[in-house]
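Residue numbering for the sequence shown follows this note's numbering, beginning at 3 and increasing consecutively.
Worth flagging that the hints you see were computed from the coordinates, not collected in a lab. Only true hints are included.
Quick list of the computed label-pair ranges, beta carbon to beta carbon:
1) 126 x 93: 17 to 23 angstroms
2) 51 x 432: 20 to 26 angstroms
3) 418 x 93: 28 to 34 angstroms
4) 432 x 92: 37 to 43 angstroms
5) 208 x 375: 23 to 29 angstroms
6) 173 x 92: 18 to 24 angstroms
7) 442 x 79: 57 to 63 angstroms
8) 234 x 329: 17 to 23 angstroms
9) 385 x 102: 46 to 52 angstroms
Below 25 angstroms or equal to it, Euclidean Cα-Cα: the simulated SDA-like pairs (lysine to any residue) are:
10) 169 x 90
11) 109 x 47
12) 204 x 194
13) 377 x 202
14) 386 x 174
15) 284 x 331
16) 129 x 157
17) 243 x 232
18) 300 x 267
19) 199 x 377
20) 386 x 173
21) 109 x 49
C-beta atoms are modelled at their ideal positions from N, C-alpha and C, and glycine is treated no differently.
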Amino acid sequence: MKTDLKEQYLPQQIQEYANVLRRGVWQIGLVTLAITLAAIVVITFLPNEYRATTTILVDPQKIPDRYVTSTVPSDPSERLNTITQQVLSSTRLGEIIDQMGLYPEMKGKPREDVIERMRRQITLQVKQSSGQGGLGSFTITYEGSDPQTVARVANQLARSFINWNLKNREERAEDTTRFISTQLEEAKQNLQNQEEKLREFKMRHLGEMPDQVQTNLQTLGRLQVSLQANSDSLNRLEQEKQMLIRLPEPAPQVAPAQLSERGRLELDQRQLSYQVWELRRKYTDSHPDVVAAQARLKQVQSQLAALPPPLPGVETKETSSAVVRLDLIEKEKQRLMQEQRNIQMQFQGYQAKVDAVPLREQELSELTRDYEISKEHYRSLLDKTFSAEMATDLERRQQGERFTILDEARAPERPFKPNRLALMIGALVVALGFSVSLVVAREAISGSIKAERELKSLLPASVSFLGSIPSIETNADRRRQRRLHALAVATSLMACCAVAVILWKVHPIL
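Turn these sequences into a full structure, and let the hints guide you.
What follows is the structure, encoded as structure tokens:
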């Protein structure tokens with residue numbers, strides 16, 4: 003039962019709404035037309051926004067990397083982010099604003115607001131390379147109210163990106179070259195210090211180097227032979243001396259008194275010398291017998307020295323030759339003993355050098371290792387310096403990776419916004435909806451009864467509904483209605499013509 007009533011009620015309600023719209027059709031049309039015309043005028047005079055786009059290609063290095071390796075980081079995306087921060091900095095954007103006279107309508111506003119507005123109107127879009135997956139190109143878009151200006155600003159921004167890229171690459175290459183050159187100078191100084199230490203070490207320990215061991219051993223062999231020959235000579239002289247000392251005293255021939263005294267002393271000297279020699283072979287120099295014999299020998303030598311010199315031709319031939327020979331033997335022994343001491347000193351010196359070779363070899367190995375490390379480090383930095391200088395020259399000649407303009411920005415022929423056609427259609431839909439809502443709302447709050455259902459809802463259930471009398475229009479009502487309709491149509495046509503003339507003469511719509 004309820005379902006049947008609901009099904010009967012819905013068509014009746016729809017019919018009532020249709021009657022409401024039919025009664026207010028002229029109001030809906032006039033309100034919709036008025037709002038639409040007003041919206042068209044407003045939309046038409048909205049400021050145009052133009053967009054200019056330039057495309058920049060990332061052009062790779064001209065010379066292969068196997069010939070010249072760039073010292074600039076090879077990630078273009080990272081460099082693009084850095085360059086973007088530089089180009090879109092407040093200082094750079096402020097220079098472009100002053101140079102091109104942008105945003106004159108914001109002349110009295112803070113500088114930061116003007117720069118921020120320009121920054122919002124700049125769009126950077128990166129396009130990845132399909133071949134290597136890196137940065138292939140990117141576009142710079144600028145939006146503004148003047149087509150010529152947006153094209154000039156977009157091209158100026160593109161040139162700024164190109165110039166900053168070249169400047170950054172050259173600066174980085176030069177910084178790398180300076181850094182490596184500084185390291186090279188330090189490495190060179192360190193290498194010179196190592197060379198000086200090595201030279202001083204070799205000079206300070208001359209003869210103790212491992213490569214001189216064979217020479218030192220040969221010298222030691224020669225000194226050993228010389229020392230043996232010296233010892234043999236000393237032994238022969240000592241034997242000859244003992245033979246002369248043991249010779250019998252010859253008989254004097256002239257000056258008996260003088261000869262007997264001198265001869266006796268010389269004989270005593272020879273005998274005491276032989277006695278001292280024999281005692282020293284058995285005992286040390288501190289032995290009492292040796293000390294007593296040496297004392298008597300010195301006493302005889304002093305007595306012999308106190309005698310007057312012998313007259314020429316007085317001493318015997320045998321005595322004279324023996325004394326002279328003993329004197330010569332003594333002098334030769336002194337010379338050989340001094341030579342022996344010199345040989346022994348040289349032998350000890352060369353032996354010390356040979357003994358010091360293992361220690362010097364270890365010290366030399368440490369110095370040589372440090373020197374070789376410094377030398378290799380210097381050679382590596384020298385090669386890197388040559389490569390860095392070539393890379394810097396490559397950047398100066400603009401033969402490295404660079405940005406080039408692929409498509410230059412041109413002045414746009416049409417604005418990209420506002421989309422006036424879409425806005426006008428939207429305004430028409432909104433105006434129609436508003437006018438319908440206005441008519442329905444007016445009917446709802448008017449308080450008049452337009453349908454049988456409304457009357458039944460107001461009367462008690464005991465009251466019976468007999469029937470309804472339709473609206474009766476008189477001729478005067480119809481004439482008044484026609485005049486109102488004609489006036490509305492004429493007014494609408496005049497408004498449409500006025501709007502059309504204004505748009506045609508003053509501002510084209512599309």
